[in-house]
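Each protein sequence line maps, in turn, to chains V and L. Counting with our numbering, you get residues -19 to 290 for the letters of the first sequence. Counting with our numbering, you get residues -19 to 290 for the letters of the second sequence.
Keep in mind that the hints were calculated from the coordinates and are not lab data. Hints are supplied without guarantee of correctness; some may be wrong.
Intra- or inter-copy, both count: the list cannot distinguish identical chains.
[Said to hold, decoys possible] No farther apart than 35 Å at their CA atoms in a straight line, the calculated lysine-lysine pairs in the DSBU-like style are these:
| no. | residue 1 | residue 2 |
| --- | --- | --- |
| 1 | LYS66 | LYS32 |
| 2 | LYS172 | LYS20 |
| 3 | LYS172 | LYS55 |
| 4 | LYS173 | LYS54 |
| 5 | LYS253 | LYS55 |
| 6 | LYS269 | LYS163 |
| 7 | LYS182 | LYS(-17) |
| 8 | LYS20 | LYS261 |
| 9 | LYS251 | LYS20 |
| 10 | LYS172 | LYS182 |
| 11 | LYS251 | LYS(-17) |
| 12 | LYS17 | LYS173 |
| 13 | LYS261 | LYS(-17) |
| 14 | LYS163 | LYS173 |
| 15 | LYS287 | LYS182 |
In this text, all values refer to a predicted model and were calculated from it rather than measured experimentally.
If you want the building blocks of each chain, they are given just below.
There are 2 protein chains.
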Amino acid sequence: MDKVKVFAPATVANVGSGFDVLGFAMEAPGDIIEMNKSDKEGINITEMISEKPLSTVTEENTAGMALLAMYRAKKIPFGVELKITKGVNPGSGTGSSAASAAGAVYALNQLLNDEDKFSDKELVDFAMDGEIVASGARHADNVGPCVMGGFTLVRQNEPLDIVAIPAPDELYVTVLHPEIEIKTSESRAILKKQIAMSDAVKQWGNVAGLVAGLFTNDYELIGRSMEDYIVVPTRSLLIPMFDIMKQNAMNNGALGFSISGSGPSVFALCKGKENAESVKKALIETIEKTELAYNIHISKVSSEGCKVID
Amino acid sequence: MDKVKVFAPATVANVGSGFDVLGFAMEAPGDIIEMNKSDKEGINITEMISEKPLSTVTEENTAGMALLAMYRAKKIPFGVELKITKGVNPGSGTGSSAASAAGAVYALNQLLNDEDKFSDKELVDFAMDGEIVASGARHADNVGPCVMGGFTLVRQNEPLDIVAIPAPDELYVTVLHPEIEIKTSESRAILKKQIAMSDAVKQWGNVAGLVAGLFTNDYELIGRSMEDYIVVPTRSLLIPMFDIMKQNAMNNGALGFSISGSGPSVFALCKGKENAESVKKALIETIEKTELAYNIHISKVSSEGCKVID
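Hey, can you work out the whole structure from these sequences and the hints?
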């Protein structure tokens, strides 16, 4: 194979109580990575289609940094040219940097001979290098589900210990992105360094409940276990109308409502597409009361991560 | 049915990372509750067979308090007499108070007509009242698995939200009880009120990994996810030889090693009975270097909780 076109989905990290450890893949939106082998050595990002300007310099680009990690790990006898079409908005909090990084390493893996191919877990590890560009640190809570699909648990970043967790068939997500800027660094700075033991115990009871609910298709358990006692109470202050959006989503039957990654996107988990549509309607009614631009997506929680298209 | 004999198993609460939320049932040892209907109103503890003295006054006895909660919940047209034979040593940290409380409400439930019987979850809720006698507070991390068997997750004590979690078939436990006294109140007093966010994140990653490992029969994941960053580092200081016992258990193939409940019992989870025997041998060699009296048990992690015997 000399060229490949890959779809890399948006992802939701944290998922309420699972701060820094849980994430899941959406069916859409996603980035598209078109890659071909090149006689020229190294990595050449030839085109970047994005609403917001992003560097095409390899070392300043999440996809570029992830590919560099892959080239360091193995002698690959060709260079690559790639075109990135951003479908996941940078700064949305739905794994934009992760999608490009994961999509790029997934694409390059397709171009390798079968005996040289890396495992999904190795691809996640390479893609983590892309996150350094975006947030200054290697973390797998978005690149994990982006590569592997479904839910993933990142038990440990270094060395990487990642666990696939199934998603129930009828689990849908409604994601609303209010177009305000929250830098990941600011969103991390607002977090407390010390937390109350009593809150922490409630939190890990919920994380355990969330994982148990995913394994047993217990939608109600998933919903009530999403509640985050540690991070969301602070971070939600940065998101206009958070409490009202949450209340309206829950009144319209959402299983749970929380912040996607470090925000500003918010999301509701829902049972079934119809309920996700009702919640979407309620969220639009709420956000329309502000002057904020926004976009909103409905997606199944996808068991697929990156995939070859066309 | 006018009389019944019930076995109520020992239980291990916390299970490392799952502090205050996880617990599991053993096959043995356990308490035996013999109960019969009586024309005399109320609850009459007629006999208590126990190495350590325990009150038979209803309001001062864990079984008595649990039964009182059950009588308050429903008009029961008969009194009961019960004999308690303690198999779970008080103060061992393996759910001694829980076994008597859970066994008693389970026994009384057997004596009710089918249409009057309570659910397992309701029985757990009644048995929690028994824990007030032992620790001053209602908590379900021992009475939960004692009634329901297997692993249980107590997502929330009030109102009770308890989730059954399956145990892999070959999961065994070796429990060593060094005969020193650690009061639950002291063991709680040593805990920090504030903890580091970074430790808490590692902890809930582990709790999630432990639950995922139980659902997928991934013994290695269960083992490495048992590590507790919050409670065991402090509490283990109260237990002589803890670090050396842990090291020797792990060197002999234990999946993980931690404190049972608030101690002083320690336990190792093992894959298979043979491994549990090797770990038992290693622990005996270690504890024999001290002058401490001890007892040691091997048991399968049991899918059964309380049950009728004879």
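State the violated hints by number, sorted upward, taking the hints as numbered earlier in the document. 2, 3, 4, 5, 7, 8, 9, 11, 12 and 13
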